[in-house]
Amino acid sequence: RKAIEENKDKAILSKQLATIILDVPIEFDEEALHFTMPDFEVCKKLFDELEFKTFEKRFFNEFAQMEGYADFVEKNFKEDKFQVNQITKETNQQFDLFGNITDSNDLFSQTSFSTLDNIEHNYLLIEDAESLEKEITKIKEKGFCSFDCETTGLEIDSKLIGVSFSYEKNSGFFVLIPQKEEESRPLLNLLKNLLEDEDIEKIAHNIKFDKNVLLNYGIEVKGNCFDTILAHYLIDSEARHKLDNLANSYLNYEMIPFEKVFGKVKDGKININSLDKIALKEYAVEDADIALQLKPIFEKKLKGDDLWDLFENIEMPLVEVLLSMEREGVRINTEELNTFSEQLNKEKLELEKKIYELAGEEFNISSPKQLGDILFKKLQIVEKAKTTSATKQFSTSEDVLLKLVNKHPIISLILDYRSITKLKSTYVDAFPLLVNKKTNHIHTSYNQSTTATGRLSSTNPNLQNIPIRTELGREMRKAFVSRKDDYVLLSADYSQIELRIIASLSKDENICQAFMDGIDIHTATASKIFHIPLNEVTKDQRRYAKSVNFGIVYGISAFGLSEQLSIPRKEAQELIDQYFAQYPKIKTFIEESIKTAQEKGYAQTLMKRRRYLYDINSRNANLRNFASRNAVNMPIQGTSADMIKKAMIEIYAKFNKLELKSKLILQVHDELIFDVYIPELETVKEIVEKRMKEALPLENVPIEVESNTGKNWLEAH
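Those letters in the sequence shown? Residues 28 to 744, by our numbering.
Quick list of in silico lysine-lysine cross-link-like pairs, DSS-like style, CA-CA up to 27 Å: (1) 451 <-> 373; (2) 380 <-> 451; (3) 635 <-> 717; (4) 327 <-> 72; (5) 269 <-> 72; (6) 534 <-> 555; (7) 434 <-> 411; (8) 635 <-> 612; (9) 207 <-> 293; (10) 451 <-> 375.
Have a look at the derived ranges for each label pair, beta carbon to beta carbon: (11) 34 <-> 370: 25 to 35 Å; (12) 219 <-> 705: 27 to 37 Å; (13) 195 <-> 306: 14 to 24 Å.
It should be emphasised that the hints constitute simulated quantities derived from the structure, not laboratory data. We put the CB at the ideal spot given by N, CA and C, even for glycine.
Produce the entire structure from the sequences given, and follow the hints as far as they go.
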């Protein structure tokens, strides 16, 4: 009842959103509803941009025999294997309400994927050592295999259900692992012998997960490895990389749905006893089989697009580094978080009290409707308040409130209240629940294939999103501590790396010289655009210059800069104009980056990582402008990502070579955090700073790394 009372507004809003409006005024034009032939060139471009690969085939299949369009279909789909419909000139069907053609020609009836049910395949179930030995012998003769682990969940300590293998198209086997240790050991020993054989190339889809699971059973996957998810990520970073999507797109194949074998999984845990062994075998081997078939396709594409070096020397070696970081984890001081939670709760209650006093009544601060009514009806902070298009309620989003901070003292209190509430619920109270009971560490998962620019991301928990702009947000870092008393945390951070990269790429003499001279770049920029000596630059002028410096990297407009600095748009435009007047080659770099992307269809980094920009030549100005900003940002942010990845690989290799106890434990954007054994501190600092500076040298610009130590992350940073 309490929950219903507290969420009364949300319930009413939900009803409103679910209500179908029946009296919408619609102008009816019968002529406009008549079926006409599509513009094939426009459709082809649109479907390619939206990656409607399957629908594209089905759509054009309907028109393949029509006069005037056969050549178009042949040119664009000559390699696709689908039956062509017999369509006459008189074809002029209407579509029903659900998009179905009303006569005998069904738009989607002629195309179907291959499935396991309609192809010959040889998938074996292996439950004994003798049978497994025979299959391993065949793999060793081939010199390669694909493999995939089936587990009870996705956590670091999930149990192994079995391992599937394939070494020949439409063939493979699934090794079912008994849950009793004494029964599983003979099979695991044979798998260890196979997977640790460095002469056998291993292929997998998301190999880091498989390696992680197998390490729990004492099996270290060795030798050359090929991860199809990482390969496809380099081929097209913005596409979907799930195995079933890739099977559809590249093999015209529909994989067995997860739910068909495992049903509905409760709490992310699979009940092994409920599984049908034959169905499980078919599902598991299919994963390995598809990965095996995709490998030569992706390898050819990587080499053809000059991406093989990036794949072989950056992405694949990085798997081992991230695997080590995930397994090591980071120690969290839960007592510190509990104390911090209590502090935040007190501050939250104080803020509530002040907000109620200014509002003249108590209300649910977390309710957008109630808050909007207080601010714009009762207090009438502005004459005409912005409303949301969907609900017609007053908008209380952060960007709206930030513009009203100077209108009423209640606004800043509400923003502080929201910040504290999010910090407390998302991080401070949540993190202790994520501590692994066996290791007493938090183990995040690093994702190599989710961002378009090549940057890493992390999940469960997201350690890269911890708020650092506020003093309270920074306090969160105090809970990240070294593992033992004789260890200390070392933070090493690239200094203004994206600005250094744009300086190097643009070859602008003025900004390059400022970096060469070791001058604070924001002060140097302020001095240039305000035409004053360095020693006369004020804090506000430096702040303005800093916003312009970083804003240029992300394609900021005069409007955006004016909003950020709370200055008139005309003044913001003057700042941007002055910036380009002082750094003219940066403007040239921006223009040439956009032009190159328009010609090639993609932007790339110094290491040739690509980001395809499908809207770079769009007629839609918003889409085109967004793609243009990415054309400028990708070479900068992507090069930064490549640089830190290369540094991580080299640092990890050096630590292993010297057999150091110290570990790389976290990566957050341009920062690396190490858990360092104190007697190794000077050695580690020297290795880290040297490798970070030299990983990817920049022309005409020095790379600087700032490092510090402390017993917790806040001290070290």
